[in-house]
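J.: What follows is the residue order along each chain.
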Amino acid sequence: MVSILSVVNLHKRFLLGGVVVDALNGVSLQADEGAFVGIVGRSGSGKSTFLNLIGGLDKPTGGSIMVGDKDLALMSSEEKAEFRRRKVGFVFQSFNLIPSLTAIENVMLPLVFGGAPRGERKRRAEELLSSIGLAGRLGHRPGELSGGEQQRVAICRALAPDPPIILADEPTGNLDTRTAGDIMAIFREMNAKSGKTIFMVTHDMRTARETCTKVVELCDGRVVETGEGGCGKS
Amino acid sequence: MRLSDTIAFALTNLSRQKLRSGLTAFGVVIGAGAIVLLISLGIGLERAILKQFEVNELLNMVTVLPAKVSFSLSSILSQSVGELNLKTLDDGVVEKLRAVDGVKTAYPDIASWADCRIDDQKSYSIVWGLPPEGISEGLLSYIVAGGFWKEESDFAVVPTNLLKRFKIDDPASALGKTLIFSNFTGFRPPGMRLRARPQDGESGGEPQKTHSCTIVGVFDSKQLGAFGDRILVPATLAKVVRTIGIPAMAGLSDPDVEGSYGSITVRVADPSQVDTVRKRIEDLGYGTFTSNDIAGTIGTIFLIIQAVLGCIGGVGMIVAFFGIVNTMVMAILERTREIGVLKSVGARDFDIWGIFVAEAGMIAFVGSIIGLGCAWGIGELLEIAARAYIVSHGGPADTNLFAITWHLALGVVGFSVIVGVLAGLYPAARAARLEPVTALRHD
Ligand SMILES: Nc1ncnc2c1ncn2[C@@H]1O[C@H](COP(=O)(O)OP(=O)(O)O)[C@@H](O)[C@H]1O
Ligand SMILES: [Mg+2]
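Chains as they are written, first to last, in the numbering used here: chain A, 1 to 234; chain B, 1001 to 1443.
Just so you know, these hints were derived from the structure itself, not from any lab. Among the clues, some could well be false.
As the list claims (entries may be wrong) - If you want the ones that stay clear, here's a sample from chain B, every Cβ over 10 Å from chain A, calculated: (1) Arg-1002; (2) Asn-1060; (3) Lys-1222; (4) Arg-1337; (5) Val-1341; (6) Ser-1344; (7) Ser-1392; (8) Glu-1435.
Stated by the list, open to error - Estimated spans, in silico, between C-beta atoms of each pair: (9) Arg-42/A with Gly-1022/B: 43 to 53 Å; (10) Glu-1435/B with Gln-30/A: 21 to 31 Å; (11) Gln-30/A with His-1442/B: 31 to 41 Å; (12) Leu-1011/B with Arg-209/A: 41 to 51 Å.
Glycine included, C-beta positions come from ideal geometry on N, C-alpha and C.
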């Protein structure tokens, strides 16, 4: 197995008006290519912070994040932008689509920043949206789409540059149970058929156990050994 | 990110907030419009005035003066007559000038201001003496009624605009009328006071002198531009009138020195040789000037006027500048989360910066184009009104007071875009610096 991500002793400390919050307090984790990693834990345990750090959206205050043979902590802001564009795709709980852009324009966005030719962007975005059942929604704006449809557009956007890693922060958190099931199915397929390595934050332990190849539970910024029964109960 | 994508993205964003973008652009419309309107007025006026000096008849003319005088603006403002080393211009000098290489002919200018009367109406004018060789082909072609005198006697050729002042509409009806010159009581040209003639008694006491002549011809004053407002008489008559009126030509010569002239007109054989010939004359120690000098001075004056008018319009641009800054800061506050999203899908800081700078520049670009259109429209309306006024006062119908040149149009659009881009720099830099996570958590 080829290691795709290796996190060692990761720290993230926030200073908010003199109050120190250690969102991550020494997290170490290793994931292989093609893994489906579920990250669970109570609200405020540091899940989003962890995802943001490995996605290069934020800087750690300690520790290292190795992606392949590169240390994220050492990258310039320019290099991190390229890393986000080529290596990872984000899927957020609140979709985070650009409201003024149509579905297809939202999907094309990472390719626009990558400087891909116009025709190629369009073809790629159409292909992705069609494969996910949104062929009839290309010209719709986010406001004209249901939650499930918006999240599928967001997934297409994450997949557009064909990154090896997908980072999803409670992607079903804003959806009803049935739609959530559909979205989970898409992630499973991404992992199984396209071989994407997925890190998914979820508060649903059962789904995590069913779907993920590996489940990591965070508690107050630390990894709790899975199967230990969670930290809140002790 | 490609430039075309940046611009397309910026356009999408602007069209999202049409009202706000429009109101911000309106500031630029006013600023750019005011600049265009004011400067085009400056250009139009300058052209209208310069046209008065672009007369074929003047192109081969060099006026020789008793001293070297600079006609540049700064020296006009600082020169004092006392510093000048005056030479006497007499018949000997005329002969000397005739001998200069390239000179076709030379003759003294005998010109004076005098009151003049036709029937019982009074006005005043410059009375200009012309020797036979001064009656050029050009002058002959400007005649609209009668013609020049056949013998040097008490005859006069008058300009159409003088007849207008005498309410004579048909030039032909002026022919044969008696024109009476008398002591000048009209306005005093600047500097004339200093050279008041000794025999002019103190106020009111001067003896009334008159001299009459017959109008034999009328010329079209417009054809001579700024030089059209003068009565042409034979040189012999001009000498007589000079004892009645006061000498014209800036008082550079002493009219009481017998046989001396205020200036001498030199006609150059080849108009393209004017500058060479004037150089030869200046080497003899005389001053010269050509219609180009006046044109140059007027050009400088109008450059200053245009700069001042431009600055007035520029104040509007300063207001527009802060309008754009304000709009962009607001837009960035509103779109902070969106900036985070763009960064999460791989936008570089530079891409974000470019988008906001492009938006600011685009507001200014659109505003300046509309401003240009408005200025053109308002200029046309004012033009129509001005023309009606000018025509009703006997002026030409082909004036163009508001001249929007390509330079002006492109210059203002370019300037506006620069102002817009500058206004966008600070907000765009703020947007580019945003931390992705901070931006994403914003709502
Ligand atoms: N930008 C921030 N500034 C200050 N505190 C933060 C910031 N981001 C997260 N935190 C704090 O860090 C802790 C972990 O947050 P988060 O990673 O969002 O938890 P989770 O996603 O597991 O709910 C929380 O206590 C939160 O208040
Ligand atoms: Mg979270």
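J.: Against each hint, give a clear statement of whether it holds in the structure.
T.: Tested hints:
Separation of Arg-1002/B from chain A is inadequate, the least Cβ-Cβ distance of about 6 Å not exceeding the 10 Å criterion. The non-interface label for Asn-1060/B is consistent with chain A: the shortest C-beta to C-beta separation is roughly 64 Å, beyond 10 Å. With 10 Å as the threshold on Cβ separation, the claim that Lys-1222/B sits away from chain A holds: the shortest Cβ distance comes to roughly 61 Å. Against chain A, the non-interface label of Arg-1337/B is violated: not every CB pair exceeds 10 Å, the least being about 8 Å.
Not every beta carbon of chain A lies more than 10 Å from that of Val-1341/B, the smallest distance being close to 5 Å; the non-interface claim is violated. Ser-1344/B, annotated as away from the interface, has a beta carbon of chain A within 10 Å; the closest lies near 5 Å. At roughly 56 Å from the closest C-beta of chain A, the C-beta of Ser-1392/B stays outside 10 Å, upholding its exclusion from the interface. Against the 10 Å criterion, Glu-1435/B falls within the reach of chain A, whose nearest CB is about 7 Å from its own CB.
Between Arg-42/A and Gly-1022/B the beta carbon distance is about 49 Å. The supplied range of 43 to 53 Å therefore holds. About 27 Å separates the C-beta atoms of Glu-1435/B and Gln-30/A, a value consistent with the hinted range of 21 to 31 Å. Separation of Gln-30/A from His-1442/B is about 33 Å and conforms to the stated range, judged on CB atoms against 31 to 41 Å. For Leu-1011/B and Arg-209/A, the hinted distance range of 41 to 51 Å is satisfied, since their beta carbons lie about 49 Å from each other.
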